[in-house]
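Below are the chains, spelled out letter by letter.
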Amino acid sequence: NAGVTQTPKFRILKIGQSMTLQCTQDMNHNYMYWYRQDPGMGLKLIYYSVGAGITDKGEVPNGYNVSRSTTEDFPLRLELAAPSQTSVYFCASSETGSYGYTFGSGTRLTVV
Amino acid sequence: QKEVEQDPGPLSVPEGAIVSLNCTYSNSAFQYFMWYRQYSRKGPELLMYTYSSGNKEDGRFTAQVDKSSKYISLFIRDSQPSDSATYLCATSGAGSYQLTFGKGTKLSVIP
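Listed in order, the protein sequences are those of chains A and B. All the letters of the first sequence, read from the start, carry residue numbers 5 to 116 under our numbering. All the letters of the second sequence, read from the start, carry residue numbers 10 to 120 under our numbering.
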């Protein structure tokens, strides 16, 4: 009964470093999402995918990249980390796309 | 105007009180309306969802949607300290791939 699993839970990056945030789901959902959550700013969509091999930009995609080679996995890549990318990142999946998202427990990223 | 507006609070109530949380939205195409609960340092979890207008009840929780006024409400009866969390409203349209979230209201229920 894992649902959506995100790793790592915490990470500190130096400016200019790169990293990949991992997300995997075991519910066979076609739709997957990456959000970032900043204090007082709510959830902002970074990228989403409607199925393996299909991805699209959300509201705040700059500085990030994604890939979706399998139904289960949807990694988020940060290239050249910047302090503005300090945030909590949530991965989510959904059967329908319109409602009923299941979220992971988040990755807290600090860029120094 | 933001698509979904939600008062961030914080809202503090005594245990046992009735809590009313509200959102307004601007896009008349929205048809799905959700409430998520997010405990500190956790991911949001789906609490309730409704389709179109009307009420939906689940235990102590009631979700209400008034499409004519573009108003979404969540009522919590007999509030408990375990209800202390941030509550996020969310909406989407039919066939949409994306949810639009409010910024969340932080609720504290004081024993």
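Note that these hints are calculated values from the structure, not bench results. Heads up, a few of these hints could be off.
[As the list claims (entries may be wrong)] Straight-line alpha carbon distances no greater than 25 angstroms define the calculated SDA-like cross-link-like pairs of lysine to any residue that follow: (1) Lys112/B / Leu113/A; (2) Lys112/B / Pro65/A; (3) Lys112/B / Ala86/A; (4) Lys112/B / Gly67/A; (5) Lys115/B / Thr114/A; (6) Lys112/B / Ser88/A; (7) Lys112/B / Pro87/A; (8) Lys79/B / Ser91/B; (9) Lys112/B / Asp30/A; (10) Lys112/B / Glu99/A; (11) Lys79/B / Thr90/A; (12) Lys115/B / Thr100/A; (13) Lys51/B / Ala103/B; (14) Lys76/B / Thr100/A; (15) Lys51/B / Thr90/A; (16) Lys48/A / Glu54/B; (17) Lys51/B / Pro43/A; (18) Lys51/B / Ile58/A; (19) Lys61/A / Lys115/B; (20) Lys48/A / Ile119/B; (21) Lys51/B / Gly57/A; (22) Lys48/A / Thr59/A; (23) Lys76/B / Ser117/B; (24) Lys79/B / Met45/A; (25) Lys79/B / Lys51/B; (26) Lys48/A / Glu24/B; (27) Lys48/A / Pro120/B; (28) Lys61/A / Ser91/B; (29) Lys65/B / Thr106/A; (30) Lys51/B / Lys76/B; (31) Lys61/A / Tyr106/B; (32) Lys112/B / Asn66/A; (33) Lys48/A / Asp67/B.
[As the list claims (entries may be wrong)] Label-pair distances were calculated between CB atoms; the ranges are: (34) Ser117/B / Thr90/A: 37 to 47 angstroms; (35) Asp60/A / Arg50/B: 28 to 38 angstroms; (36) Pro19/B / Phe14/A: 48 to 58 angstroms; (37) Ala26/B / Thr74/A: 39 to 49 angstroms.
We put the CB at the ideal spot given by N, CA and C, even for glycine.
Hint check results:
Of the supplied pair hints, the one linking lysine 112/B and leucine 113/A holds, its CA atoms being roughly 20 angstroms apart against a limit of 25 angstroms. A hinted pair counts as satisfied when its Cα atoms are at most 25 angstroms apart, and lysine 112/B with proline 65/A qualifies at roughly 19 angstroms. Using a Cα cut-off of 25 angstroms, the hinted pair lysine 112/B and alanine 86/A holds, with the two alpha carbons roughly 24 angstroms apart. Of the pairs offered as hints, the one joining lysine 112/B and glycine 67/A holds, with about 23 angstroms between alpha carbons and a cut-off of 25 angstroms not exceeded.
This hinted pair checks out: lysine 115/B and threonine 114/A have alpha carbons roughly 23 angstroms apart, not beyond 25 angstroms. Between lysine 112/B and serine 88/A the alpha-carbon distance is near 19 angstroms, which keeps this suggested pair within the 25 angstroms criterion. In summary, the hint linking lysine 112/B to proline 87/A is supported, as the alpha carbons are separated by about 22 angstroms, within the 25 angstroms threshold. Restraint check for lysine 79/B and serine 91/B: not satisfied, since their Cα atoms lie roughly 29 angstroms apart, outside the 25 angstroms limit.
This hinted pair does not check out: lysine 112/B and aspartate 30/A have alpha carbons roughly 28 angstroms apart, beyond 25 angstroms. The straight-line distance between the Cα atoms of lysine 112/B and glutamate 99/A is roughly 24 angstroms, inside the 25 angstroms bound, and the hint therefore holds. A hinted pair counts as satisfied when its Cα atoms are at most 25 angstroms apart, and lysine 79/B with threonine 90/A does not qualify at roughly 34 angstroms. Proximity of lysine 115/B to threonine 100/A is assessed by CA-CA distance (about 28 angstroms); at most 25 angstroms being required, the pair is judged violated.
Between lysine 51/B and alanine 103/B the CA atoms are separated by roughly 28 angstroms; this puts the pair beyond 25 angstroms, and the hint is violated. The straight-line distance between the Cα atoms of lysine 76/B and threonine 100/A is roughly 22 angstroms, inside the 25 angstroms bound, and the hint therefore holds. Distance restraint check for lysine 51/B and threonine 90/A: the Cα-Cα separation of roughly 17 angstroms lies within the 25 angstroms cut-off, and the hinted pair is therefore satisfied. This hinted pair checks out: lysine 48/A and glutamate 54/B have alpha carbons roughly 16 angstroms apart, not beyond 25 angstroms.
Among the hinted pairs, lysine 51/B with proline 43/A is consistent with the structure: their alpha-carbon atoms are about 14 angstroms apart, no more than 25 angstroms. Using a Cα cut-off of 25 angstroms, the hinted pair lysine 51/B and isoleucine 58/A is violated, with the two alpha carbons roughly 28 angstroms apart. Restraint check for lysine 61/A and lysine 115/B: the C-alpha separation of about 29 angstroms exceeds 25 angstroms, so the hint is violated. Taken as a hint, the lysine 48/A and isoleucine 119/B pair is broken in the structure, with Cα atoms around 31 angstroms apart against an allowance of 25 angstroms.
Among the hinted pairs, lysine 51/B with glycine 57/A is inconsistent with the structure: their alpha-carbon atoms are about 29 angstroms apart, more than 25 angstroms. Proximity of lysine 48/A to threonine 59/A is assessed by CA-CA distance (about 16 angstroms); at most 25 angstroms being required, the pair is judged to hold. For the given pair, lysine 76/B sits about 29 angstroms from serine 117/B by alpha-carbon distance, which is inconsistent with the 25 angstroms threshold. A C-alpha spacing of about 22 angstroms is found between lysine 79/B and methionine 45/A, which places the hinted pair at or below 25 angstroms, so the restraint holds.
Under the criterion of a C-alpha separation no larger than 25 angstroms, the hint pairing lysine 79/B with lysine 51/B is inconsistent with the structure, at around 29 angstroms. A C-alpha spacing of about 32 angstroms is found between lysine 48/A and glutamate 24/B, which places the hinted pair above 25 angstroms, so the restraint is violated. As the CA atoms of lysine 48/A and proline 120/B are separated by approximately 34 angstroms, the hinted pair breaks the 25 angstroms bound. With a C-alpha separation of about 37 angstroms, the suggested pair lysine 61/A and serine 91/B falls outside the 25 angstroms cut-off, and the hint is violated.
A distance of roughly 20 angstroms separates the Cα atoms of lysine 65/B and threonine 106/A; the hinted pair therefore holds under the 25 angstroms criterion. For the hint linking lysine 51/B to lysine 76/B, the alpha-carbon distance of about 31 angstroms lies beyond 25 angstroms, and the restraint is violated. Restraint check for lysine 61/A and tyrosine 106/B: the C-alpha separation of about 12 angstroms stays at or below 25 angstroms, so the hint holds. For a cut-off of 25 angstroms, the pair hint linking lysine 112/B to asparagine 66/A stands: about 21 angstroms separates their Cα positions.
Our distance criterion of 25 angstroms between C-alpha atoms is broken by lysine 48/A and aspartate 67/B, whose separation comes to about 28 angstroms. At roughly 26 angstroms, the beta-carbon separation of serine 117/B and threonine 90/A lies outside the given 37 to 47 angstroms, and the hint is violated. Between aspartate 60/A and arginine 50/B the C-beta distance comes to about 29 angstroms, which sits within the given range of 28 to 38 angstroms. Against the hinted window of 48 to 58 angstroms, the Cβ-Cβ separation of proline 19/B and phenylalanine 14/A comes to about 26 angstroms, which falls outside the hint.
Here the CB-CB span from alanine 26/B to threonine 74/A is close to 47 angstroms, well matched to the stated 39 to 49 angstroms.
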